[in-house]
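Note that the protein sequences, when read in sequence, are chains A and B. First residue of the first sequence? That's -5 in this note's numbering, and the numbers climb one at a time after it. First residue of the second sequence? That's 10 in this note's numbering, and the numbers climb one at a time after it.
Among the hints, a few may not be true.
Distance ranges between label pairs, derived from CB positions [unchecked claim]:
1. A:V46 to B:E225: 21 to 27 Å
2. B:E143 to A:L58: 14 to 20 Å
3. A:V46 to B:E47: 36 to 42 Å
4. A:E47 to B:S158: 28 to 34 Å
5. B:D12 to A:A8: 35 to 41 Å
6. A:E(-3) to B:L183: 14 to 20 Å
7. A:K51 to B:D29: 21 to 27 Å
8. A:K51 to B:E229: 32 to 38 Å
9. A:A8 to B:D136: 23 to 29 Å
If you're looking for bench data, these hints aren't it; they were derived computationally from the structure. Beta carbons are placed, not taken as given, at the ideal position from N, Cα and C, and that holds for glycine.
As a plain string of letters, each chain reads:
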Amino acid sequence: MAEVQKSTDSSGLAEVVDRILDKGIVIDAFARVSLVGIELVSVEARIVIASVETYLKYAEGIGLTATAAAPQA
Amino acid sequence: MSDAPLYLYGIIDASPDAPDVSEWTGIKGASVRMLEGEQVAAVVSDAPTGKLRPRRRNLKAHHDTLRSLTDRTAVLPMAFGVLADSEQDVTHFLDTHRDVLIEQLARVRGQAEVTLRVRWNVDDIFDYFVSRYERLQDMRDAFFGNGASASRQEMIQLGEQFESLLQAEREAHLDTVLDHIESVCGAIEIQDPKNESEVMNLACLVPKSGQDAFEEAVHEAAGSFGEEFLFKYTDPMAPYSFADVAFDN
C-alpha cells in the first residue's frame, strides 16, 4: 500500500503556496503586489508543458541511468 | 470612510452571523476588519506601509486568516497580495459584483478545499520508468550505449517516448484515485502536476462535515497503489481553486 501523509501546519504552507499565489480572486482594477522572487513556483509548474526542451531534459535524465548502470564491457 | 489603502483577504456573507474578526491580526500584524456592502462583505486590514513581499510569514498571515474564516463561514479567498486604494473602491467592487459573489459563495458554502498530491516516491523517476518499460531501455541502450552520444533527433524521440508513457500512467492512476474520492467531494479540480515525479495534483472541495469520509477514501485509494507511491493531503483550507474568478473592474 502507498504511504499516506497529512501535511502538518509547518510543511503545509509549502504544499499550498501555488494555490495561494495562482488561485483565488484577483481584481484587475486593484493593485497586486509584485511576486518577483517567487517565479520559481510558476516556472516549476510549466515543466509539464510538453516541448522540445522538456523532451531533451527527459532524454538526459534517461541517459544518466545508463552511466549509473553497471558498464557492460 | 477612509482613504487609506487596504489589503484584501476574502469575501464573505454580510450577515449577523458573520464571524467576529475584531481580535484577529493579519498581514504584518495589522488588525483585521470587515467592510460591509449589501449582502456581501470584504475582510480587510490596512495595507502595510512599504513594500509587501511574498515572504513566508506574509503568505502565512494571508493563508491563516483565510483558514480561520473558512472554519467559521463561507469565504471566497483573494489571491495573495491584492490591494485596494480605499474603502470606497472595495464597497464599489462589492456593489458592482454582488450577484456573482453571492452565487460563488453559494457554490462553496459548507465546504473547504483540500489539496491531494500523489507522487512517485522513488529515487530516480527516469530509472523507475526505464526499469518498467523495455522500450525505453532499448532506446537508451541504442542511443547512449558504448559511450555513444545521442543525436538531437534521438534525444527528442526518447524524451517523447518517456513523456507519453508518463502521461499514460498518470491518466490511469488518476482514474483509479477519482473512482475512490469523487463520491466524497463536492467538486474536484485537476491541476497540472508540478514536476515529472508528481502523478497528480488535485484540489478537492470537501464538505466540512465530510472530512473523515474524505480521509478514509484517500486511504482506500492508497490501498490500491504500491509502496512506490506517496499520497499527501493538507488540512482543510479556503477554497482558492474554486474561487478562481478574475474581475476586470
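> Given a hinted range of 28 to 34 Å, is it respected by the beta-carbon distance of A:E47 and B:S158?
Replying inline: With Cβ atoms ~18 Å apart, the hint is violated.
> That 36 to 42 Å hint for A:V46 and B:E47 (C-beta), does it hold up?
Replying inline: For B:E47 against A:V46, whose Cβ atoms are near 54 Å apart, the range 36 to 42 Å is violated.
>> Is 23 to 29 Å respected by the C-beta to C-beta distance linking A:A8 and B:D136?
In response: holds (26 Å)
> Between A:V46 and B:E225, is the Cβ distance one that fits in 21 to 27 Å?
Replying inline: Because 44 Å falls outside the window, the suggested range is violated.
>> Verify the CB-CB distance for B:D12 and A:A8 against the hinted window 35 to 41 Å.
In response: holds (37 Å)
> Could one say that the CB atoms of B:E143 and A:L58 fall in the range 14 to 20 Å?
Replying inline: Since B:E143 and A:L58 have Cβ atoms about 19 Å apart, the given range 14 to 20 Å holds.
> So the hint says 32 to 38 Å: do the beta-carbon atoms of A:K51 and B:E229 match that?
Replying inline: holds (35 Å)
> Lying within 21 to 27 Å: is that true of the beta-carbon distance A:K51 to B:D29?
Replying inline: violated (52 Å)
>> Verify the CB-CB distance for A:E(-3) and B:L183 against the hinted window 14 to 20 Å.
In response: Given range 14 to 20 Å: holds, Cβ gap about 19 Å.
This entry does not satisfy hints 1, 3, 4 and 7, going by the numbered hints stated previously.
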